[in-house]
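Two independent chains are provided; combine them into the complex using the hints.
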Amino acid sequence: MSTLEVEPGAAPESGLVTTDTLDNFDEMSCSLEEIKNINPSIEDEESNDNAIINEHFDETVSNDNEVASVDDDFELNKDWIGKDKHVFVLSMAGKPIYSRYGNEDKLAWLFGVMQTLVSFIQSSDDCIQSIHAGNTHFVFLVKKPLILVTVSKTRESESQLRIQLNYVFNQITNILTLTRLNKIYEQRQNYDLRRLLSGVERLIDHLLTFSENEPSVMLGAVQCLPLAASVRDTISSAITGACSKIKNLVFAILLANNKLITLVRMKKYCLHPADLHLIFNLVQASESFKNSESWTPLCLPRFDASGFLYGHVSYLSEDCQACLLLLTVERDVFFTLSEAKQKIVEKLRRSNCLEAINESLSTPGESSASAGFVEIRHYLYKCKSTSQFYQPILSPPYTQTKEPLTRIYKRAHHRLHNSSRPLKLMFERSADEAILAWDTKGFELFVVFEPLIDTSAAIMLVGRLLNWIKKKEERLFHLNAPTF
Amino acid sequence: MKHIVGKVVLLGFQGVGKTALVTRYVENSFHRQIAPTVGASFFTCKVEADGNMVTLQIWDTAGQERFKAMAPMFYRNANAALLVFDLTSQTSFESIKMWVQELKGNVDEPMMLCMVGNKIDLNDQREVSREQALAYSQSIDATYLECSAKTDQGVGLIFQKLAQGLLRLQGLTSTLKVYDDDIMANSSELEATDTANEETVNVSIGSIAHGNTVNFGKCC
Numbered sequence: 001m002s003t004l005e006v007e008p009g010a011a012p013e014s015g016l017v018t019t020d021t022l023d024n025f026d027e028m029s030c031s032l033e034e035i036k037n038i039n040p041s042i043e044d045e046e047s048n049d050n051a052i053i054n055e056h057f058d059e060t061v062s063n064d065n066e067v068a069s070v071d072d073d074f075e076l077n078k079d080w081i082g083k084d085k086h087v088f089v090l091s092m093a094g095k096p097i098y099s100r101y102g103n104e105d106k107l108a109w110l111f112g113v114m115q116t117l118v119s120f121i122q123s124s125d126d127c128i129q130s131i132h133a134g135n136t137h138f139v140f141l142v143k144k145p146l147i148l149v150t151v152s153k154t155r156e157s158e159s160q161l162r163i164q165l166n167y168v169f170n171q172i173t174n175i176l177t178l179t180r181l182n183k184i185y186e187q188r189q190n191y192d193l194r195r196l197l198s199g200v201e202r203l204i205d206h207l208l209t210f211s212e213n214e215p216s217v218m219l220g221a222v223q224c225l226p227l228a229a230s231v232r233d234t235i236s237s238a239i240t241g242a243c244s245k246i247k248n249l250v251f252a253i254l255l256a257n258n259k260l261i262t263l264v265r266m267k268k269y270c271l272h273p274a275d276l277h278l279i280f281n282l283v284q285a286s287e288s289f290k291n292s293e294s295w296t297p298l299c300l301p302r303f304d305a306s307g308f309l310y311g312h313v314s315y316l317s318e319d320c321q322a323c324l325l326l327l328t329v330e331r332d333v334f335f336t337l338s339e340a341k342q343k344i345v346e347k348l349r350r351s352n353c354l355e356a357i358n359e360s361l362s363t364p365g366e367s368s369a370s371a372g373f374v375e376i377r378h379y380l381y382k383c384k385s386t387s388q389f390y391q392p393i394l395s396p397p398y399t400q401t402k403e404p405l406t407r408i409y410k411r412a413h414h415r416l417h418n419s420s421r422p423l424k425l426m427f428e429r430s431a432d433e434a435i436l437a438w439d440t441k442g443f444e445l446f447v448v449f450e451p452l453i454d455t456s457a458a459i460m461l462v463g464r465l466l467n468w469i470k471k472k473e474e475r476l477f478h479l480n481a482p483t484f
Numbered sequence: 001m002k003h004i005v006g007k008v009v010l011l012g013f014q015g016v017g018k019t020a021l022v023t024r025y026v027e028n029s030f031h032r033q034i035a036p037t038v039g040a041s042f043f044t045c046k047v048e049a050d051g052n053m054v055t056l057q058i059w060d061t062a063g064q065e066r067f068k069a070m071a072p073m074f075y076r077n078a079n080a081a082l083l084v085f086d087l088t089s090q091t092s093f094e095s096i097k098m099w100v101q102e103l104k105g106n107v108d109e110p111m112m113l114c115m116v117g118n119k120i121d122l123n124d125q126r127e128v129s130r131e132q133a134l135a136y137s138q139s140i141d142a143t144y145l146e147c148s149a150k151t152d153q154g155v156g157l158i159f160q161k162l163a164q165g166l167l168r169l170q171g172l173t174s175t176l177k178v179y180d181d182d183i184m185a186n187s188s189e190l191e192a193t194d195t196a197n198e199e200t201v202n203v204s205i206g207s208i209a210h211g212n213t214v215n216f217g218k219c220c
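If you're matching them up, the sequences are chains A and B in order. Residue numbers for the first sequence follow UniProt numbering, beginning at 1 and rising by one. Residue numbers for the second sequence follow UniProt numbering, beginning at 1 and rising by one.
Everything labelled a hint here was simulated from the structure, so no lab data went into it. Just so you know, even glycine gets a beta-carbon here, dropped at the ideal spot from N, CA and C. Be careful, since some hints might not be right.
Straight-line C-alpha distance at most 30 Å; calculated BS3-like pairs for lysine-lysine [said to hold, decoys possible]:
#1 Lys46(B) - Lys347(A)
#2 Lys290(A) - Lys46(B)
#3 Lys343(A) - Lys290(A)
#4 Lys343(A) - Lys46(B)
#5 Lys245(A) - Lys259(A)
#6 Lys150(B) - Lys97(B)
#7 Lys97(B) - Lys183(A)
#8 Lys247(A) - Lys144(A)
#9 Lys161(B) - Lys2(B)
#10 Lys259(A) - Lys441(A)
#11 Lys471(A) - Lys36(A)
#12 Lys104(B) - Lys290(A)
#13 Lys441(A) - Lys268(A)
#14 Lys290(A) - Lys161(B)
#15 Lys268(A) - Lys343(A)
#16 Lys2(B) - Lys97(B)
#17 Lys410(A) - Lys153(A)
#18 Lys183(A) - Lys106(A)
#19 Lys144(A) - Lys85(A)
#20 Lys183(A) - Lys104(B)
#21 Lys471(A) - Lys259(A)
Counterexamples of contact, computed for chain B against chain A with all Cβ distances above 10 Å [claimed, not checked]:
#22 Thr19
#23 Thr23
#24 Glu27
#25 Asn28
#26 Arg32
#27 Val38
#28 Gly39
#29 Val47
#30 Met53
#31 Glu65
#32 Leu113
#33 Ile120
#34 Asp121
#35 Ser139
Okay, chain B solo, but in the shape it has when bound (with noise of 0.2 Å):
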């Protein structure tokens, strides 16, 4: 059994629902408001896969404008991005376009990419029609999905395909770390955005980091 450990980041829209989205994965819980996510949070968590263990340590970025110098800190040396909107906002699709461009022209490495349409619960008020979403996403290479946080439709297919989409990535990049057995993984989880430094994995069992410090900004 492998286990690789990806870096995912959450794009988007403020307001889509990346925090609901997460949450609800994560602690599978949901708040109807909650507070706007300030600068960015960190959650980890694993997911198995075709007999593989992935652990998804995900950047859950703010969407409010003011935090978009911000964002190459998160999406360099991501292995996936999540672009999340609203299925009922029209404006929120359009956002998703405008992160692609970015991260086309700032992001070397191969990254798997997956668009989310968020609230198919409100399916009444829906702006953007699936037909729409779905012929972007092929434009750009992306794997598509609909789901609803707050009703939990669709959530855990994310995730899945997400793990899947990262054991493909193997060996196409150096960003991604793949580990023969448990141990190893748990090792570094909490081990930072790497690359081209030569890493050096503790073994220990509890879960804590060693402390070589990564920067985000030096690389690609």
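Okay, chain A solo, but in the shape it has when bound (with noise of 0.2 Å):
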């Protein structure tokens, strides 16, 4: 088996950042002051923006929160106390900011007793981790100035659950920069960050539902629009073409149904696969980009947590729903890049790649079993050099629900990554599927067969998939990495 030699997907560049799976999430860079100091032009604004915050401080809270419905008692209710994953976060003050599930006002005295437990520990030198009780795990990530906390009765693992904890902290790093939320809670510890936050709660919800039920949190990898290797390079040299002479501009990102269509970057820079989860996000939970051109700052945590880039973004056309942000550093180029985005509409409208990239989404794609691996339920691909990934659709008997599979995916993931004892390769068998992880330094692979296979059939399957993805990798992947 360690003879093949196929890594499907993989390229020399990669326009996305290469990760590993579990790889150091609280690492950030620096890269906006690079850029601004390539091109000086970009007058500094942080500082005036900072005075308009200050100035507003002290207004008193909305009464947004007495408004908030007093019908919904949730507080210890059996419905409340039943859901599978609770994820709280809080300031270092035990200020409530975010509860998944009933009025955070309503569950102070909670929040209060996560403050106490951190600072308790933390009185000792030391930070806590988790508790298990039984099935429930209460995984705590103390990230200052926040304090993330998510009790779980999923059977993910506490490696997995502090991965969404981090997303989770992304997200608010994402509307905010890490540096205004250092600087507000240097101003005042026991600030409500809710007020800054009010209508970001949907965009966690959103967020740790997709890190649920999408491997693409869990891979690190982001699953492309499968179009034909033509296609994707005249989209993405429409892109250049257009914004070439733009300075500034860092990422053009065009995608669709949450799978990258195409990126085109700065040279030097890339996007981190998950910054590029948050930006799938931001698309997939925000309707209002649909109806109009906008105009939006936001910040890339992984790519520089300090300032904002500042987005345009729309969807293609009427009759091509493929959504184009383009990423500048430059706060006031609006309209250069609307106009830019007329120009790339118009040359995908001249060489038929609207049309490509509809009958794409159209199609519902391959299953398992129609690309001729009848044993094969499912499987996940991701290749590590590109940190994209594969999946077909979902055949029986996951179409009715996921959940099963998600779980077994998540369960084997764990083993590979387990870090007393990770695995290379696992193949295990249970009374209603079987299923092999393998783990080598290009990919990762994990296949669910038929429960009745044997261990050879399962390998020599393997090998043909493999190949089979190979054939097919310049459909399936983003394989160049182009530039502006």
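Pasting the structure below:
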């Protein structure tokens, strides 16, 4: 088996940062300063912004909280306790910021308990990681100036839960920047962050559902929309053509239906999949982008947690629901980018790329059975060097509910990456299915088989599967990493 | 027939219905639960007033406090501000006063102010009386209108008033573009918040803008 040298989806250069699973999610880089230094024309209005923040610091919190439904008294009722996974965010001072279910104000006492636990352990120069009680895991992430806690019965591993908490933290940074977040709490420890995060609850809710149901967060990778290589290249070059003269444009991202179509980037800079997931989440959760062109600040914490990029966000056209984001470090170039977008759309229309995108969006995709692998129910293939993954569409018995499949994958993934005893290869058979998980230098593969398959047949099939993916790689992966 | 192109900024507290108001007018649609605007959205529409054509370039800003720092980008160089509040929320009305102060402090060019009380369909839950709103609007020299984006009551009138207001601004401000015919106006439909720099208007029928970049930050 180890003689196999196929590594589908690999490419010498990648627009996405190469990720190893469970890589250090704390790491953040500072790319904005670099770019700004190359093109120093940008006025730094940061200080200006801060002045405005301070001015309104002392306003009383709007009486939203009072209005917030008297009827949903979640406090300790059965429904609330029965939830599979709770997520809470609070400040170091114990002020409630976010609760996945229920009204934070009514749960103030609970936030108090969490804060006490954290500070009690801290007082002996230690940091609380987790508490385990039967099937319930309490996982803590203390990340100044916030505390994030999850209480989960989902059987996900502690490290998987911690990644999700990190994503929630990143989502908050995405909205505010880390610099501003720190500054706020430096100035006032007991600040009520909810007033700056109104509307963000939805994004966090959405992100949590996304990270639970989609393999992309677990894998640290993105899925591409299947397209002929020539079409993808034409799209990329239409974007480069229209944008090459615009300075300080950092990324152009075209996506549809949670899948990447293309990513064009500034030379030297790559996008981290975790940042791209935040962008996917923003686009999916914001219906308002559909109606018009928008201009929005956003911080990509893995790219640079200290400052904002500005994004021109729009859907290509009424008849093609792919979303284009042009991200720049300049805050006042909306119209330049708006014009570039028009040019891109015209070019794509002329070269029939809009139709190609629509066609790919409307075809349901291939199941593994229809590709000739009858014994394989489903699989996940991640190419490490390009941080992309591919999965076939669901086939029975997982079409009704995806949950068991997700659980199988999460469990297998945890077995491979268990920090105390990592595995390279695993084959496991149960009454319901058999799973093979394989971690190599170049890729990660998880295959779910019919339960009666024997080991040698499984290994043979995996070899055939890899060859099949290799043959289709140009269509399934974004193999080149175009730059402006 | 004259064609003028004016910039309009929508300001107001979160959830008062700024986006609902614009989409009601521009697309004639209403969604009860629109997701909050992220950053700001850009719309254009044409309004005929007193035999003239007025193109409105509308910046629909997000009402959430965290986007407040972005607002100057949109209201600097604007020719009109649509200050929207929710008739059933005194808080949202108070927030208008804050916006007015900010505009007065930061904008030098003359600007038309139009105050709009939205959600008149919820008249029975009203917290801001007509008299109160009128009195304040007179004190700041603004037009005051009430409407409902939900039932499409009074929405058309707002944009009519805006167009008329902009026509009256002709000659008073350098940021308002006036063309003698349609083609010229169309050619610069997407052109930015101009001002001090000389502009060269391309004459082309297609309504694609030409490419001089204009910085929001540097004028005024």
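Practice task
Could you tell me which of the numbered hints above are not met by this structure, giving the numbers in increasing order?
Solution key: 8, 11, 12, 16, 22, 23, 24, 27, 28 and 31
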